[in-house]
Amino acid sequence: MSDDPTAPDHPTAAEPSAADELEVVDDGPISMERLSDYLDAGREPYDPEIEADPSALAQLAALTRLRAMTASIVAADAAAEPAPDPSWIAGVMSRVRLESRAGREIPLASSDPRSTLHITEGAVRALIREAGDSVPGAVVISCGIVGDVAEPGAVVRVEVAISALFGTAVQELADEVRRAVLDDLGRQTELVVEALDVTVRDVHQLDTDGGPR
Amino acid sequence: MSDRDDAPGREPLTDAELSLLAAELGALAAGCAGVLRVQARPGFGSLVREAIGGLSAVVGGGSGESDGGADPSSTAAAVASGRPVPLVGVAVSAAETRVTLDIAVGDDVSGPAVAREVAARLLDRVAAEPLPPASVDVRIVGIS
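Residue numbers (my numbering), protein chains in the order written: chain V, 1 to 213; chain D, 214 to 357.
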């Protein structure tokens, strides 16, 4: 533990707290532990239940990114930039679990009246998360789409809360996340995004003794 | 399927033939550029029965075991022949044929464009069969 009184506060991965979320989130048919074990095993042997479940796949993708981020921090400088607190990662994953559910159906335009096309809100949230996580130094804590997405052409607002790697320029990081998310939303959805709010909610926990906080 | 009001001049499809058609539709969808996976729509069997009255046949929509897909009567045709239950669901009533599926698409393509292409291909294929007018419901459930 750091004795530095100026060190950043212990991060809160999401609000409500991770513990609160875990009480709320139904573990579902595929538990986080099972997903983690599956990833540990290199996704072998092939698990058809996991591989056919969009929610499970979104969680696997997010867990993979979080682990990669942790590994890169450790590899860069274990003493100066230790891995984030495991409970912080668990908090982020509890949000991922919530957001990966299918949610609302967002219509897509079709010129053929015989076709009904849509994309799930869960798929869009996973897209937002992946876009945000792709920006070096950013980890998406939570994201949401505010507005009547079920109404074709409705104006919506997108909210993204991120954690910034300690030492990064926060304003620039937020701008990069905004651009990345807007690019992907523009390509993969037909949402009319009125505003995209990026909130830097915390900073990845850094500790001076190499141990988790 | 004796009460099915199919196109005149051709024998209506049996449940087994309809199940084969569903499997073919799944392969067609999977072959569209940008489609990573074709998946069953969870709860397809029960949902379609609630939405459409007077159904004469319901096939496919997944095994229903792990994905909450179709029910036993929807999977019977495939099970009886020892084939996997098609992921694409096909429901037929006197007035319409409804095709239902979920897809995952690549992040390097336009999801909406891929969904439109899938729908168009499936509609073209179903139009060649002695079935009531078809509609297709395509949902993107993943982008990766």
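These aren't lab readings, by the way, just hints derived from the structure by calculation.
We put the beta carbon where it would ideally sit given N, CA and C, even for glycine.
Take these hints with a grain of salt, some might be off.
[Stated by the list, open to error] Cβ pair distances, simulated, as ranges: (1) V:G42 to D:A240: 26 to 32 angstroms; (2) V:R43 to D:D321: 39 to 45 angstroms; (3) D:A246 to V:G42: 24 to 30 angstroms; (4) D:A240 to V:E105: 22 to 28 angstroms; (5) V:A68 to D:A246: 54 to 60 angstroms; (6) V:R43 to D:V292: 48 to 54 angstroms.
To see whether the hints hold, each was checked on the structure:
1. V:G42 to D:A240: 26 to 32 angstroms: holds, 28 angstroms
2. V:R43 to D:D321: 39 to 45 angstroms: Between R43 (chain V) and D321 (chain D), where Cβ atoms are some 21 angstroms apart, the hint is violated.
3. D:A246 to V:G42: 24 to 30 angstroms: holds, 29 angstroms
4. D:A240 to V:E105: 22 to 28 angstroms: Since A240 (chain D) and E105 (chain V) have Cβ atoms about 25 angstroms apart, the given range 22 to 28 angstroms holds.
5. V:A68 to D:A246: 54 to 60 angstroms: Given range 54 to 60 angstroms: violated, Cβ gap about 29 angstroms.
6. V:R43 to D:V292: 48 to 54 angstroms: At roughly 29 angstroms between Cβ atoms, V292 (chain D) and R43 (chain V) fall outside 48 to 54 angstroms, so the hint is violated.
Hint violations for this structure: numbers 2, 5 and 6, all remaining hints satisfied.
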